[in-house]
Amino acid sequence: MDLIWNGIATALALVFGGDAEVWAITWLSLKVSGLATILSLIIGMPLGILLAMSRFPGRALAVALVNTGMGLPPVVVGLFVSIFLWRSGPLGFLDIIYTPTAIVIAQVVIAFPIVAGLTLTSFQTLNPNLALQLAGIGASKAQTLWFLSKEARLPLLAAVMAGFGGIISEVGASMMVGGNIRGQTRVLTTATVLETARGNFDLAIALSLILLALSFAINFVLTHIQQRQLTRWPKPS
Amino acid sequence: MAEALLTLSEIIVRHGQTTVLDIRRLEIFAGETLAVIGPNGAGKSTLLRVIGLLQPLSAGAIDFRGERANGANTLAMRRRMASVLQEPLLLNASVYENAALGLKIRRLERAEIRRRVVPWLDRLGIAHLADRRARTLSGGESQRTSLARALALDPEVLLLDEPFSALDPSTRETLLVDLCDILRQTGITAVFATHDRDEAFMLGMRVGVLSGGKLLQLGGGAEVFTRPVDEKVAEIVGAETGIRGVVESRRGRVVLVRIDGGAAEAIGDFSPGTPVVLCLRPEDIRLSRDLGTGGAGINRLAVTVVKIIPSTAHYRLLLASRAGALSALVPRAAFEVLDVREGDAFSAAFDTTALHAITIAKQ
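From first to last, the protein sequence lines are chains A and B. With the numbering used here, letter number 188 in the first sequence gets 188, and the count goes up by one each step, no holes. With the numbering used here, letter number 263 in the second sequence gets 500, and the count goes up by one each step, no holes.
The following block holds chain A by itself, in its conformation from the complex (with noise of 0.2 Å):
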């Protein structure tokens, strides 16, 4: 219990000791997952709501991949992302790789068919005349996606909580293709793995405890949004 306890105070002290690398750990883990995220949502967005409205050939097995996707282990985005970002890999000649963009691109590719996948459930929970419905009163196409867009509200942000949550607790991806270097390509995640290995446990912890705050605290604000309205179930007498 000890080990605890003085974990605790030592993230304590770290956090409000104003800790430098700390901080900038901190920080490097919100800018790119706060990136990857809002990245997934541009794409995982719009290609739900085509897969939930559009009828084509390959419709079933986009959607099957999709849902694939949606389970892929954050190790097997890692390795595939390295082969492409590797010095002579197809992408080699971006020379990105073990930089802080790499790591975006690893979490965009974990998180936005999650994005994609509760998009498309979250529209398909939508009666199908309801956009015949808008359009009959005279709603263009960009307000009908609108409206459609705030009638799945909370599915939908079940959506950006999942694709966020994906994101900042994966670290098998980061650390294969960020290399977890001090102060350039060190998250959370990252440093938690490290100080554990070396058997740094108080400064685990309280990485550990940053990051689930900080996990916390975003997805307050979201269910806050969400939950903002209730639904009242009627009580069975």
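One or more of the hints may lead you astray.
[As the list claims (entries may be wrong)] Simulated pairs of lysine to aspartate or glutamate, EDC-like, Cα-Cα distance not exceeding 20 Å:
1) B:341 <-> A:95
2) A:150 <-> B:334
3) A:150 <-> B:368
No lab work stands behind these hints, which were simulated from the structure alone.
For chain A, the structure is supplied; the task is to place chain B on it using the hints.
Only chain B this time, still in chain A's reference frame:
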């Protein structure tokens, strides 16, 4: 005739290989209510979507006040119309927000939206529900909200696609009466699709009969319901009895038709020797126990009651005669006085004006 508000010309809609709509020409006039009646799958919804510029056409053109819809002007034209569908399809928001949706889409100012929405909530009797969440409404209240949403737009054309068919009969009836009043008072041009004959008859100034994607007949309500052009239309508008015969002679608009077991005088314009079907609505058959002359004669047939089907206000009787099967609707009181039983023999009589000769449908 008034200028056509909307003109559909040579409209074809195909889904894959099947043609679901084929309308050579349809004009909708300002201020009229056009009821489109047809069985399920007749193409009513497709027709309404076509009119509402919500349906891609395989061929054809639509003119709105003389201007042709061409893609570039479609959204602007669509915004001069409003649709009410069978399901109310409200957003998860308050009744007021739902009723205001179309105006919000048109980016009107808040105060102007309120000025236009509130009177319709009042008129439709849902003002007290303005702050209620749409999800908590009953079917009738939801459909009233959907109507308010459409009417608040002050549309030049209101499109109603079986708006009441999912409601229970009493709710349906009150809403139907309200809608009828609103349409007559405001003079809004409306197209109303239904499979219900009473709704079509009550609302339609003109009635169009749609089947298999084709407009089989278009005319005044009374005309379509009493003088269907062919057997198909007769079936759809409920002139259930069709007696086959051959025209013997013609006098003005009346033909004398030889039928099995007698003869009948009917309204029609056919030359002697033409095979025809005589259309008869079930409510126009009168039964009596007067079996003199065998119960048969001109416009009289000897019949046997085959089956009695009770309903709330009437009894429907399936009758057999030498000329074929007949379907009669007898009011409860008459049914009791006549003491009708299955197997009984009766004389069935009908007026010349209730009997319409039409051409035999091509098989």
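Contradicted hints - numbers only: As far as the earlier hints go, only 1 is violated by this structure.
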